[in-house]
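Undergrad: Those protein sequence lines, which keep their order, are chains A and B.
Residues 1 to 96 in the working numbering are what the first sequence lists, from first letter to last.
Residues 1001 to 1159 in the working numbering are what the second sequence lists, from first letter to last.
Just so you know, not all the hints are guaranteed correct.
Straight-line distance between alpha carbons at most 27 Å, and here's what the computed DSSO-like set of lysine-lysine pairs gives [as the list claims (entries may be wrong)]:
(1) B:K1087 - B:K1138
(2) A:K71 - B:K1138
(3) A:K79 - B:K1138
(4) B:K1146 - B:K1110
Everything labelled a hint here was simulated from the structure, so no lab data went into it.
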Amino acid sequence: MPLLARFKILGHSMEPQIKTGETVLVSSIPYWFKIPKIHDIVAFKDDTNKILIKRIIRIQNGKYFVQGDNKNDSLDSRKFGYIPKDKIIGEVIYKL
Amino acid sequence: MKIKSLFNILPLKIAYAHCDIPCGIYDPHQAQLAAHTVIRMTQLLMEIKREGETKAEHDVARITYVKEEHSSIIEGELETLRNDYFKEEHYKEYSNLNDLFVKTLKTVSKARQNIDIVVAQETLSGILEIAEIFYKTKGVIPVRVKSIYPTGGEIVVYK
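Generate coordinates for the entire structure from the input sequences, incorporating the hints supplied.
TA: See the structure below:
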């Protein structure tokens, strides 16, 4: 869980807000004080431990349905289902 | 010195805003095939003979199972085309395309819920229209031909 980490984004699924090649800051600190909520953009690990970023759309039974803003072109919970909270490594807090 | 550049001391890692797996393989054929299957299963349900009750129940269960399964295939295939293949420019060029998806997905649900040959035919009809638009966006000419299935309906191929 990074206190603060810098990630370069690859992929188009968060457009128009975050474009491929842009850099964002991800931090776990916000989630020390609150639980992830709907509309947060989060970084999380997939089953292969690759880091993905998506937006939280729904929360159900403590699990999170995440989706790309560019939903016409996004691989997200519509395909891989809800993700547990412990897969979320932090919130995207700033775009550099 | 810009404040933003202070963050450059942090190591830069990669995060993926994953697009769908960009395999580029899309085809409306599977949806057409499944729609013909739903029609055929509906026909078979309408033809069930009540001579032996257990046999009839058994047949209804099996046929309904296949109808359900192929309705799900249609929904999945249509959602893939709708969400993954067709882009904004397609929806602009073919202004009826989104309505066609909405209408056809509703008829699939009805075909699943009922034994209604008209609704099953409407499902196929919507899929054929979507298939024609799909092939046009691929730069090939769509052609309607009579299917070789016992349903007797058409399929859309291309030349």
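Undergrad: The structure should be examined with respect to each hint, and the outcome stated for every one.
TA: Hints versus structure:
1. B:K1087 - B:K1138: Distance of about 12 Å is within 27 Å: holds.
2. A:K71 - B:K1138: 22 Å, holds
3. A:K79 - B:K1138: Between K79 of chain A and K1138 of chain B the Cα gap is close to 25 Å, so the pair holds against 27 Å.
4. B:K1146 - B:K1110: 25 Å, holds
This entry satisfies every hint, going by the numbered hints stated previously.
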